[in-house]
Amino acid sequence: MTALSLLFPALSRALRPTLLALLMAFAWLTPALAQLNVSVTEGHRRPMPIAIADFSGPHGSSIAGAVRDNLSRSGLFQVQNPDSFLQRDVDVNVAPRFADWRITKTEALVVGRGGVVSGRLRVEFRLWDVYGESQMLGLEFATTDENWRRIAHKVSDAIYRRLTGEVGYFDSRVVFVAESGGRTNRVKRLAVMDQDGANPSYLTDGTEQVLNPRFNAQGQQIVYSALSDRGIKIWVVDIESGRKEAVAIPGNMAFAPRFTPDGQSIIFSADRDGDVDVFIKSLRTGKLSQLTRNPAIDTSPDMSPDGSQIVFTSDRGGSTQIYGMNADGSGLRRLTFGEGRYSTAVWSPKGDLIAFTRQLGGQFQIGVMAADGSNLKILAEAYLVEGPTWSPNGRVIMFQREGGPGQSPSLWTVDVSGTNLRKSPWSGPGSDPGWSATLP
Amino acid sequence: MTFTQSQTPASGLKVRSLALMLVSSLALVACASTKTATPPIAETSTPVAIANSEAAPTIAQEAPKTSAPVASAPLPAVTVSGTTINAEAARVQESLSPYASLAEAGERIFFPTDRFDLTDEARSILTRQAAWIKANPGKRVLIAGNCDERGTREYNLALGARRASAARDFLAGLGVDTDRVETVSYGKERPIDERPSAEGWAVNRNAQTMLLD
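Those protein sequences? They're chains H and B, same order as listed.
Numbering of the first sequence is given in our numbering, commencing with residue 1 and proceeding in unit increments.
Numbering of the second sequence is given in our numbering, commencing with residue 441 and proceeding in unit increments.
It cannot be assumed that every hint is accurate.
Which bits of chain B does chain H cover? Going by a derived footprint, with three or more residues having C-beta under 8 Å, they are [as the list claims (entries may be wrong)]:
(1) 586 to 594
(2) 604 to 614
(3) 624 to 631
Label pairs and their computed distance ranges (CB to CB) [said to hold, decoys possible]:
(4) H:G338 x B:D557: 25 to 31 Å
(5) B:S637 x H:G317: 28 to 34 Å
(6) B:D560 x H:A217: 46 to 52 Å
(7) H:K423 x B:D560: 44 to 50 Å
(8) B:D560 x H:P305: 47 to 53 Å
(9) B:A540 x H:K377: 54 to 60 Å
(10) H:Q264 x B:D619: 35 to 41 Å
Computed far set for chain B versus chain H, every beta-carbon distance over 12 Å [said to hold, decoys possible]:
(11) A540
(12) A543
(13) P552
(14) D560
(15) E561
(16) P577
(17) D617
Treat the hints as calculated values from the structure; they're not laboratory data.
From a predicted model like this one, the values you see are computed outputs, not experimental measurements.
Think of the CB as a built atom: it goes at the ideal place given N, C-alpha and C, for glycine as much as any other residue.
Please build the complete structure, drawing on both the sequences and the hints.
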């Protein structure tokens, strides 16, 4: 393949870029172009003004609209209103009139075109540096017609990566619990949607209350717990086939499940006569191992991306705090010492940070800290916030939020920098989000 | 991409939730009398005259909180022939309970914030439950631990398990066979009081004992 396969190793068969040398991206980097980038680390000082012209061809304006929404919600870009465009006759194969775009202070411009070739939708686009007057990126994607939104997400990820230097996160999905009914007779169904709230579908019928669903790293399976009158059980559902399988665990209460990074085991907590401890079970061999043995509550375990460490919630020290240990249960250490009650620790995709929930002064908070518990930083606070989950690139955290007493839970996002707090485009009541890796 | 939706298997189990009690009923159970506690009713198949109010387990220190007395009307005398079969004996024992039902004994006990130890009031209600359970040998119960919404979901599932277990262990200490007691936690998923206030949270921090069919 070409240089493009090096740049985008994850591009799938489904979206196999028939993209050819046709648009040799990066061919000529000018000095001016080197200045055109966005910092995602320090809460961006200034969003980059970018214009995305409607693509020509099938789904053209919808694709451009989805790209605009993605980039706008990232908080890193100031997406120009198409009504302000001076040049309306853009063509993917012709250099734009840069001077026109500079009048509206647009720094980056995206022009695209779609067409149907052999029954498949093919979309090509170019990203232009308006001030450098040069092409920064040119790519083409192909897929089935009904999958056009994924092309929009792939385009968004490519632009994000080119301009920020970071891997994108737009072509990903979120599993969550869709809630309905009153507060005292809550219906909780397993649901999955695109990260931008599109294409929602339900995987359970609401007979049981679904809690804390999470993807495996491969994105093909979801593990969750389901509460019924007589107990709570862990299930694994395969997304493609829809097949559900209960994980056999002794006792009638097993919950707080997550896949291990290799997808081969689940780590969870289970009740033994009122004592809740952390366990790990291999889905391949069925082997069950107990990792904590303490009369206190030990729950919400999560294994680090490299498989070497586990963080979990425990009240063994008298108050609820976050602890760490080696993957075999040895080397126990307490990670949080501050005021308040700490719980639901979750590793970042790179394994460098841990997101958590804290209760303090009658409020709930979402925060992040280094893997050793240092450099604690609070990102969001409300009457209730809990259940943080990381975007695949580790730049955004999604969580459940109830703004005030009696409010329905909804899904919100905040940048790890602490900026860009906003409600997810999913408008209905929702809780317990679990973000997938970027799709293959 | 489409998803096939397959049905989550129904549990096939039925829990008979006895008359959902509201807060006010908490006070109701703490009445009866202030006499010293009597031992649980002995299981016997000999003819018994009556289970009267003296046989009721009582609350040690607590004064009656409401004027509504527990309805523990004297039962008619029962005579049993010497050849009573087991089922007959069970029926007789059932009639020995000072409470007509588990609900009358008191279904729910309540807990302070983030605690699972039993208050005096909780102990007295559990003592009454124990009397009913022991007087109804054919019955099994499910104790469900519940929490208020001021904790994280997974932690609350664990806390509810502790509350249910604390109740079960107390019943066991009174001689209830633990094979007849199941426990479960509903965490913060099944509140009974909608109020997002200290009063509502207090009601939702409980362990409920339900009759299993």
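Q.
Tell me if the beta carbons of D560 of chain B and A217 of chain H are separated by a distance inside 46 to 52 Å.
A. 51 Å, holds
Q | Assertion that P552 of chain B lies farther than 12 Å from chain H (Cβ) | A | 15 Å, holds
(Q) Minimum C-beta separation from A543 of chain B to chain H exceeding 12 Å: can you confirm that? (A) A543 of chain B clear of chain H: closest Cβ-Cβ about 17 Å, beyond 12 Å.
Q. So does D560 of chain B sit 47 to 53 Å from P305 of chain H, Cβ to Cβ?
A. Taking Cβ atoms as reference, D560 of chain B and P305 of chain H lie about 50 Å apart, which means the hint holds.
Q | Distance restraint evaluation - K423 of chain H, D560 of chain B, Cβ atoms, bounds 44 to 50 Å | A | Roughly 46 Å apart at Cβ, these two residues keep to the hinted range, so it holds.
Q | No chain H beta carbon within 12 Å of P577 of chain B's | A | Holds, since 22 Å exceeds 12 Å.
Q) Minimum Cβ separation between D617 of chain B and chain H greater than 12 Å? A) 15 Å, holds
Q: Confirm or reject the claim that Q264 of chain H and D619 of chain B have a C-beta distance inside 35 to 41 Å.
A: About 37 Å separates the Cβ atoms of Q264 of chain H and D619 of chain B, which means 35 to 41 Å holds.
**Q.** Check of the region 624 to 631 of chain B against chain H for coverage (Cβ-Cβ below 8 Å, three residues minimum)
**A.** holds (count 7)
Q | E561 of chain B remote from chain H - nearest C-beta pair above 12 Å | A | At roughly 21 Å from the nearest Cβ of chain H, E561 of chain B sits farther out than 12 Å, so the non-interface label holds.
Q: Given the hint of 28 to 34 Å, check if S637 of chain B and G317 of chain H actually sit that far apart at their C-beta atoms.
A: 30 Å, holds
Q: Compute the least Cβ-Cβ separation between A540 of chain B and chain H, then decide whether it is above 12 Å.
A: 24 Å, holds
Against the hints set out earlier in the document, no violation occurs for any number.
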